[in-house]
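Asker: Here the protein sequences come in this chain order: A and B.
The opening position of the first sequence corresponds to residue 1 in this note's numbering, with each subsequent residue numbered one higher.
The opening position of the second sequence corresponds to residue 1 in this note's numbering, with each subsequent residue numbered one higher.
No lab work stands behind these hints, which were simulated from the structure alone.
Please note: incorrect hints may appear among the correct ones.
[Stated by the list, open to error] Dumping the calculated BS3-like pairs for lysine-lysine here, alpha-carbon to alpha-carbon at most 30 Å: (1) B:LYS153 <-> A:LYS473; (2) A:LYS711 <-> A:LYS525; (3) A:LYS344 <-> A:LYS53; (4) A:LYS473 <-> B:LYS133; (5) B:LYS136 <-> A:LYS473; (6) A:LYS153 <-> A:LYS344.
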Amino acid sequence: MFITTLKTLAARKLRLFTTSFAVLLGVAFMAGTLVLTDTIGQTFDKLFSNVNKGTDAYVRGEVAFDSEWFGDQRPRLDSTLVDAIDNVDGVAVAEGHIEAYAQLVDKAGKPIGNPNMGAPVLGASWLSNDDLNPFDLTSGRAPVADDEVVIDKGSANAGDFRVGDSTSVLTQSGAQQVHIVGIAKFGDADSPAGASYTMFTPTAAQEFLAHPGKVDAIKVVADAGVSETQLVANISKVVPAGTEVLTGTEITKQDQAAIKDDLSFFNVFLMVFAMIALFVGSFIIYNSFSILVAQRTKEMALMRAIGASRKQVTRSVLLEAGVVGLIASALGLVAGVGVAAGLKMLLSGIGIDIPAGGIVLTSKTVIISVIAGLGVSLASAVFPARRAAKVPPIAAMREVAVDQSSRSRKRAIYGSVITGLGAFAMGAGLFGGAGIAPVGLGAVLVFVGVAVLGPILARPISRVIGAPLPRLKGMSGTLARQNAMRNPKRTSATAAALMIGVALVGFITILASSTKASVAKNVEKTFNGDLVVSSNVGGVGGLSPKLADQLAALPELDAVTGFRIAPAQIDGSSNNLVAADPAAMQQISDLGIKTGSLDNLHGNEIAVFDDIAKDKGWALGQSIPIRFAETGVKNFTLAATYTEDATVGDYFVSIDAYDANVADRFDQQVLMTIADGVDADSARAAVTSVADAYPQGEVLDRAEYSEAQTKNMDMLLNLIYALLALAVFIALLGIANTLALSIFERTRELGLLRAVGMTRRQLRATVRYESVIIALLGTTLGLAIGTAFGWSIVKALGDQGLDTFNFPVSQLAVVTVIAALAGVAAAALPARRAARLDILGAITSD
Amino acid sequence: MTATLTTPFDTPPAQAPLAAARAVAATKRYGSGDATVTALDAVTVDFHANQFTAIMGPSGSGKSTLMHLVAGLDTLTSGNVYIGDTDLSGLDDRRLTTLRRDKIGFIFQAYNLVPTLTALENIVLPASLAGRKPDKEWLDQVVHTVGLTNRLKHRPSELSGGQQQRVAVARALASRPSIIFGDEPTGNLDSRTGAEILSFMRSAVRELGQTIVMVTHDPAAASYAERVIFLADGSIVDEMFAPTPDRVLDRMKHFGE
Numbered sequence: 001m002f003i004t005t006l007k008t009l010a011a012r013k014l015r016l017f018t019t020s021f022a023v024l025l026g027v028a029f030m031a032g033t034l035v036l037t038d039t040i041g042q043t044f045d046k047l048f049s050n051v052n053k054g055t056d057a058y059v060r061g062e063v064a065f066d067s068e069w070f071g072d073q074r075p076r077l078d079s080t081l082v083d084a085i086d087n088v089d090g091v092a093v094a095e096g097h098i099e100a101y102a103q104l105v106d107k108a109g110k111p112i113g114n115p116n117m118g119a120p121v122l123g124a125s126w127l128s129n130d131d132l133n134p135f136d137l138t139s140g141r142a143p144v145a146d147d148e149v150v151i152d153k154g155s156a157n158a159g160d161f162r163v164g165d166s167t168s169v170l171t172q173s174g175a176q177q178v179h180i181v182g183i184a185k186f187g188d189a190d191s192p193a194g195a196s197y198t199m200f201t202p203t204a205a206q207e208f209l210a211h212p213g214k215v216d217a218i219k220v221v222a223d224a225g226v227s228e229t230q231l232v233a234n235i236s237k238v239v240p241a242g243t244e245v246l247t248g249t250e251i252t253k254q255d256q257a258a259i260k261d262d263l264s265f266f267n268v269f270l271m272v273f274a275m276i277a278l279f280v281g282s283f284i285i286y287n288s289f290s291i292l293v294a295q296r297t298k299e300m301a302l303m304r305a306i307g308a309s310r311k312q313v314t315r316s317v318l319l320e321a322g323v324v325g326l327i328a329s330a331l332g333l334v335a336g337v338g339v340a341a342g343l344k345m346l347l348s349g350i351g352i353d354i355p356a357g358g359i360v361l362t363s364k365t366v367i368i369s370v371i372a373g374l375g376v377s378l379a380s381a382v383f384p385a386r387r388a389a390k391v392p393p394i395a396a397m398r399e400v401a402v403d404q405s406s407r408s409r410k411r412a413i414y415g416s417v418i419t420g421l422g423a424f425a426m427g428a429g430l431f432g433g434a435g436i437a438p439v440g441l442g443a444v445l446v447f448v449g450v451a452v453l454g455p456i457l458a459r460p461i462s463r464v465i466g467a468p469l470p471r472l473k474g475m476s477g478t479l480a481r482q483n484a485m486r487n488p489k490r491t492s493a494t495a496a497a498l499m500i501g502v503a504l505v506g507f508i509t510i511l512a513s514s515t516k517a518s519v520a521k522n523v524e525k526t527f528n529g530d531l532v533v534s535s536n537v538g539g540v541g542g543l544s545p546k547l548a549d550q551l552a553a554l555p556e557l558d559a560v561t562g563f564r565i566a567p568a569q570i571d572g573s574s575n576n577l578v579a580a581d582p583a584a585m586q587q588i589s590d591l592g593i594k595t596g597s598l599d600n601l602h603g604n605e606i607a608v609f610d611d612i613a614k615d616k617g618w619a620l621g622q623s624i625p626i627r628f629a630e631t632g633v634k635n636f637t638l639a640a641t642y643t644e645d646a647t648v649g650d651y652f653v654s655i656d657a658y659d660a661n662v663a664d665r666f667d668q669q670v671l672m673t674i675a676d677g678v679d680a681d682s683a684r685a686a687v688t689s690v691a692d693a694y695p696q697g698e699v700l701d702r703a704e705y706s707e708a709q710t711k712n713m714d715m716l717l718n719l720i721y722a723l724l725a726l727a728v729f730i731a732l733l734g735i736a737n738t739l740a741l742s743i744f745e746r747t748r749e750l751g752l753l754r755a756v757g758m759t760r761r762q763l764r765a766t767v768r769y770e771s772v773i774i775a776l777l778g779t780t781l782g783l784a785i786g787t788a789f790g791w792s793i794v795k796a797l798g799d800q801g802l803d804t805f806n807f808p809v810s811q812l813a814v815v816t817v818i819a820a821l822a823g824v825a826a827a828a829l830p831a832r833r834a835a836r837l838d839i840l841g842a843i844t845s846d
Numbered sequence: 001m002t003a004t005l006t007t008p009f010d011t012p013p014a015q016a017p018l019a020a021a022r023a024v025a026a027t028k029r030y031g032s033g034d035a036t037v038t039a040l041d042a043v044t045v046d047f048h049a050n051q052f053t054a055i056m057g058p059s060g061s062g063k064s065t066l067m068h069l070v071a072g073l074d075t076l077t078s079g080n081v082y083i084g085d086t087d088l089s090g091l092d093d094r095r096l097t098t099l100r101r102d103k104i105g106f107i108f109q110a111y112n113l114v115p116t117l118t119a120l121e122n123i124v125l126p127a128s129l130a131g132r133k134p135d136k137e138w139l140d141q142v143v144h145t146v147g148l149t150n151r152l153k154h155r156p157s158e159l160s161g162g163q164q165q166r167v168a169v170a171r172a173l174a175s176r177p178s179i180i181f182g183d184e185p186t187g188n189l190d191s192r193t194g195a196e197i198l199s200f201m202r203s204a205v206r207e208l209g210q211t212i213v214m215v216t217h218d219p220a221a222a223s224y225a226e227r228v229i230f231l232a233d234g235s236i237v238d239e240m241f242a243p244t245p246d247r248v249l250d251r252m253k254h255f256g257e
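Bound conformation, chain B alone (with noise of 0.2 Å):
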């Protein structure tokens, strides 16, 4: 745990890509006095675009702060994050929902999907509630890389578990938002429906060309990403490329969960 934290573990790819988000110094901390708990220890790092990036750290150790923060979820104690050149901290809450709305996409573990509204509902919600008309041709195309061309009439309590994440990832895609943040995304879902749905994921960044952020603590969902940053501690303490389930097991155990 004392290893240099700023020194990458691995290589990173030859051209860096530009950043979707960006943590600088991210700090957050709960009660006063004595009380203080840091969740988040000046934390600075970038979320590459174009890139499906995991964040991976034993409970505690604020993978999940982190997102809420970039994501505009959650305020910042202290530091800055930033949604392409946009500073967050200086946001007021019409400003931040707006920002949410339309520049970033979420994918929660559950509770996705608006229980009265139907799948393809769901999936334009953000569109809709900025009052605007989603991109057809767009549109058409995220339906059917998931697979909902025949499920978009029906209600969430009409789908399986599986069905509602596709809807969830489709919902986030299709505002073609700068940043898509994942919570634990295939966290309730059986591993074989996870792993279609970590696969939609990468497809929409490699052939959709999006970018997604996902905390998880399952080594073979991390698999899936192309960058993995472990947190312990409020602080980042790793970081890999191209992980594999056991790599990303390997590096877990050595820090010791």
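Excised from the complex, chain A in its bound form (with noise of 0.2 Å):
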């Protein structure tokens, strides 16, 4: 008994280990996600109150209206306002402030920065007041002719710049040649977050950034002893209507406000990624403590057979739980401010750079990360908990009885309610237009449905999966086959374990193919265009209209138009509004024109996908109200219906309509075909020496233009691989953990074999296939309700492009493998300790 109580106490150190590091990792990436945000968050808060020191008063347009893709959008200002301003009582200086794309470029002729991954890319107007600008020369002067700039410390650093030097800049009005006059710091940093900055002239400003005659607001210094209320309402009666005054103290506020705004984006991307570890974790502490109650049968029933009650030994569960719990928060929490670290690496290594200071943790960090360690241990335990409570004393007379394999008929039934539900909530979201909320609780409810389900699959589906491995691999293979087949609900729970990072995986895996399959249909279909010019910008910047002006010039091309999206109000909701050459887009790109004709597009003119205009009732010559920032509501008359939204989307209009209506004048990309007669390569080398002055700009042909649709789907797909690894990885903890508790509890029959003559070789294998089959089954199961899953998405989604459901063989196939390698690899140790076990010791042992 002695020797038994040592051997449980040295299994248990390895079992706490690994029970804890399950619920530790998921604690740790949560903390991790928490000490992030919170540490970037502190950065901005830093960030705009630096910026807005010395404002009192803070004059801009009124937002119009808000767009989805492109936030806020707010008319400019025109500058006179500023020199009102200056002249309200109250105002010891008021300036201009402009801030838009502009990216430098650098020696080698590439553009500094990417605008589209990582921190913004801007040119802005050089406030001359100190105590507006945030900036503080460290070198050089403040320009003053329109050809002279101050760039920030860090993009000098990047570009390897000195005072003197002359480069150009790409703006909204082409590739502007500049002597750089002056370099500066952002306070203590070299650049605000590792945005880039060109600052001009306030002329210089308006002409290249923005628009002749026009600001994005005014900055106020008050005079001494005027408060900021005191200015506000001062300023406020000099203004036109639909502009807004604020006090310095409150843009500080609404900048911070909105920066957290669009972080929260980022943390719940992570903390998703997080309770997904945690969810998995749940499943190896369940599976845990389902064992140890299991085998420790005997002991309980001793307890309660001198005189333990039921609820003592719940509690006595329920308390080990609590430990595991304990250690694990508390050192998750310690992790995760590594982890807060790796984070960073892992999102800078795909592009995109954080800026943050020092490591901020909160106590709303500790609270959260504590409650979620010490919740989610105790809950997987209560189940356990309450079977251990219900062993009878008797049970200390009896064998030490194995977990009895559950096939009952209530358990099918549970199972199958409980996926079905889940089924049910994710159609409600996906198909009945219920939202995001119940897609994900579906999932979780489809997940525990199936791993109910698991104990009456684990048999069938193990018995198929190790098949082949008696005539592969012998008495080894038919053991671990048995092994896997013979305590099902133990290996169908921790087969569930990896099963929802595998789904995950497959899920997504599923959906980038069937996206990537969806896109190239659509390109193959509907686009008939040669070359494309490409903007690496996303959203705010792109290519000069110049480039497309100068393309048009080549004799080599036939039809060439810029593309454009602007945000726009349509018919009272907010939309986007694609804008190109009608004439030319109707070469480049088949658009199914249904009703009316593009022909003659006006400039108050639209087009509209047919589905739309059906859903809507407009009937070619509808009037359609459109609402600009710039220049409010006006109205425009349905000239023509389309049936192919791939390229266009839903609403288009000339570029006359654009420019007459948009201020920032970006092309995204220009679209081209190659002139009769001519062959694609001295077309593409025409294109090339134009697009070589627009840097940002990247040359394409229709494949490279097909794939480029989807590059940054790639990362983002990169990304939410490593961040699923860390459920995979977790899992295979929980396969670690079975392994080593079956084994711990099949000392005799180890020893038997052993003794009759199983090498230690073989007994490895053994383990190390019953690992694989564990894993294949989590494999298995995953890969099935991923695909249903991705199936459902494309289902759903097949009217916003995502047409083509693609199964992804050889991905599916290396993900396979790559879990039966994990299997493998999960067995080492399990496998090892096996190995060395004391022949004599097992067999002997009472």
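Mind assembling these two chains? They're in different frames, but the hints should get you there.
Answerer: Written out as structure tokens, the structure reads:
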């Protein structure tokens, strides 16, 4: 008995470690996410209070509407308002401020920074007032001439620029040749949160970055003794309608709140993965405690026999779970700080640079982490604890009962009902428009439901998966297969943890490959262009319209058009409006004109995707109100409807209409066809020689264009894989844990096998292949669920361009092989332990 | 206890059989310094081929230790043990394991069978581990002898204790080992079932030409053997041929259990 107790303790070390570790990783990830977002949040808080440090009042246009893609849309202000405000009582200084896309080009001709994934690249007006200007010159002077700029020290370092250097800056008005006359720091930092700034004179800023006679905002310093509120009240009297006047304190708060809002998406994104990790961890806690309770049946029965109440037995199990949870939370919190640093590296590895100063560990992070770790551990142990309490005292006299395999009808019913409810919730979310919350809840229910069904599925599936093993691996294979099948509950609960990770990997893989297939098909079907110049900036900035003009002049090309997207409020709801040259667009893209014609699309006419027109009940000639940030509501006339929305989306207008109503003029892309009789190579060479002056643009042929559409998706995909790897890793710990517990339980049997002639190598193989079967069981269930999820979402998003379901066989085969290898890895430690087993001790110990 | 230990108390059979296994000055000590316990003290003994030998002795006498050492389940502190001509002390774990698999059969008191395998799979386990096909004719004979022909597809949990031990006997015989070791093979059985198993073991020696060494503390069980070796305090203290339960019991009393 003494030896057994010692053995139990020895086994318990590893068990405590692996069990705690499963939760620890989830908690660490959660804590890491919170630490990272808090740290970034604090960095931005500081940033904005520095930006607005000397600003007492801030004047800007009121929000015209909020665009889902582009954020708040506000009109610019007339620059004459600057002088008007300067004359207001209590105003010491008022300066117009402009901030828009501008990207420096380094000495090798490459644009500096990657605004698509990282910090923005901006141009601004150099503020002459020290209180208003957050930058401080470290060398050189302020810009005086219109071709002079001051750049931030970060960009100077990145481009190896010194005062006196000349370079070009990519702006809305094309590539501008500039002289660097000054280099400035942002407080102590080289640049504000990694953003690049090129600062012009106010005139040049209006001219190159925005619109002559317009400013984005007006920053004001009060006279000594004038309060912010008094100043705002005074200014408010002179500004025209549609103008917003804020105190310095208010604008700081609003900026800080806005960035927190942006970050909250990021926070939620990472938190989802932390919760997945904890969810997977909960399976491992549940399984570990289930096995322990089964193994300790005799001990529990003895406790009951000598007078322990059911409650006391339950409590003893929960207490152990509590200890596991507390250890996991405490260590997880510490590890979380490391995770925060790791996440930052991971994100910067795929091109998302995050500014973050010191580590911020708030009490909120501590509380959430402890609650999560402790909560998951206790909740997962509740069922095993209740089972422990049900052990009758008489069991003390019986042989130790191994946990009975449950194939009851009740289990089949419960499992099916839970899975069905999950599928229903997902369906309601995906097809019924109930939103994302029921989809997530449904997914969790499906996982739980399949896990409940697991013990019924485990035996037949393991039998099939393990079928080749007896032939390939002899007795080791036979035993591995039998061992995987002997405790279906244990096997399935272990596999279920891996199932979750694999299901999500499978789902994402299928979604990505279906998206790619859909995009490729759409390009194939509707895109007739031969060449594209595509800007690498998404959202803010792009290519100067001058590029399209220059390309249009090339004899090698036939149809050429810039392609733009503008936010607008169409018929009352925020939408994206695509603009291009209608005649060229018809040559480049097969729009499937249904009614009307695009041939003479005037400045006040619009073409609409047929489905939308039908939904809205619009016919040709219908007047459609469109609100622009800059020009207010304009009525457009429906001139055409089309059936192919892959290129131009739901709403399409001419470049003229765009220019008349939108302030920022950037082409996202320039699309073109090659003139008859010109070979592709010389056309491409001609385009490249023009596009060289616009290094933010990339020249692509049709195939490259098709691929480039999903290039950003690949990066996101890799990020998601990296984050899901954690869930898979935790599941592997679970496999190792189960194997270790099983081996401990099978000591006598293993001793017998060794005695009658099983070599250590054979025993290791037996453990290894049992692990592989469990891993493949999890993978099979996971891929089945992942495929179902993938298929559902493709069906649900069919009308949004995702119309091709693609099952990426080779990629999923790779997933399966990796899972099998992971099973081998998970078995390494338990197999070694099993092989080291003392034969005599195993067969003689009682 | 001070009697001359090397002299047999009974007359050996006329022709001395070959040794299937041998221990020479086999010594096993546990612990070190003052805490040293000598479990087996320089025991030298031959286990003859085609003979059923029983090892008896009070608990702590070293009878199990002797069997474990000769069977290659435990390692010696000093001395040598041989299976046939092979000196076990020179073998690493892999060779020792292969030797147990190919040359030695085991019948334990309990936990004899792998619960996930059928009776037949358990019987041919050593051959399967070696990756060999069992000798069909011999296997049929063994299975027939122990009367398991109708139970081969059953798993251990579907067999009675006696049936389980018969499977164990069949397994020990199936690979036609040089020697079979039994560790209280009937200890967990009622006397009638136990007698049945012991009869099988005896007929395995007499009719199938096998060699069996069995550790037991039951005089009735020992009486099935042709030779009984008595151990006390780690040394062989007596030997008896053609035992009967009464004679064995008598000797046991004599050694003061």
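Asker: Going through the earlier hints one by one, which of them does the structure break, listed in rising order?
Answerer: none
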